[in-house]
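Novice: Here are the chains, one letter per residue:
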Amino acid sequence: MEAQKVDMFIMTNAKYFEGYQIAGIRERLIALEDSKWAMISSVQLKDPTISLIVSILAGHFGIDRFILGDTGLGIAKLLTCGGLGIWTIIDWFLIMGVTREKNMHAIQQLLY
Amino acid sequence: MIRNKLYVLVSTACATGYIWLFINYHRNISESFEPGICLFKRITGIPCPSCGSTRSVLSILKGDFIGALFWNPFGVIIMSILILAPLWILYDIVLRKDSLLQVYNRSEIFLRKKWIAIPLILLVILNWIWNIYKGL
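Chain order of the listed sequences is A and B. When you line the first sequence up against numbering that gives the first Met the number 0, it's residues 0 to 111, in that order. When you line the second sequence up against numbering that gives the first Met the number 0, it's residues 0 to 135, in that order.
The set of hints was computed from the structure by calculation and includes no laboratory data. Among the hints, erroneous ones may be present.
If the Cβ cut is set under 8 Å, some of the chain B residues that face chain A in the computed set are [claimed, not checked]:
no., residue
1, 38
2, 49
3, 52
4, 76
5, 77
6, 107
Computed, partial: chain A to chain B, Cβ under 8 Å [unchecked claim]:
no., residue
7, 60
8, 70
9, 71
10, 78
11, 79
12, 87
Glycine included, each C-beta is placed from N, C-alpha and C at the ideal position.
Turn these sequences into a full structure, and let the hints guide you.
Specialist: Here you go:
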């Protein structure tokens, strides 16, 4: 793909990924065929900030984990009062990283 | 979810659960209406959907199943997980299998279906309303 197009994509979507992943994504995108552009640009990426807000407001019920697709962990969190309240607080710090990992996972299936 | 990560998570959770039960075992169940560890209840004063599950599990341990259902039906689920999960993990480790992981992944996909998820969410909300009504 054209470098300009890829740089545009990186610029608008950098916040959805971990910093160390960006260079790799850029390299893979440049090597990718043009026909995959439509799929790449329509991938549903989850916003880490939104997850953090959900985690702070409703993390106690495991809603943050349900939204990210970790249904099992969500149920565990719901059943145990947010892991006795400790897991809730731990997740306030983990959830943004988890969201970025999930985004990476989603786009990886198209990149490789 | 990776096999070892899931197994470490589940065994940590079970160990914490057993320690929590051990700490609370000698509490007098019928008089324990004061706010416990639940963050939500301490902040808002309203019980959360899973408030009362410690008392429920303790009731089962003391042989009172009806009381367990009254405190919180979640306690029955938690108790069965607490008993089953360690045995299942032990079985998988000894035989070098990953049956728990497979069941976990399959049930995650199953639970995400709309006609399964929506009734379950409704049940949780109903249980929550019941909890507030009971004033746990």
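Novice: All hints are to be evaluated individually against the structure, with a verdict given for each.
Specialist: Results for each hint:
1. 38: holds, 4 Å
2. 49: Constraint on residue 49(B) satisfied, holds at 5 Å.
3. 52: With a minimum Cβ separation of about 7 Å from chain A (threshold 8 Å), the hint on residue 52(B) holds.
4. 76: holds, 6 Å
5. 77: holds, 6 Å
6. 107: holds, 5 Å
7. 60: holds, 7 Å
8. 70: holds, 5 Å
9. 71: Since the shortest Cβ distance to chain B is 5 Å, the answer is holds.
10. 78: holds, 5 Å
11. 79: holds, 7 Å
12. 87: With a minimum Cβ separation of about 6 Å from chain B (threshold 8 Å), the hint on residue 87(A) holds.
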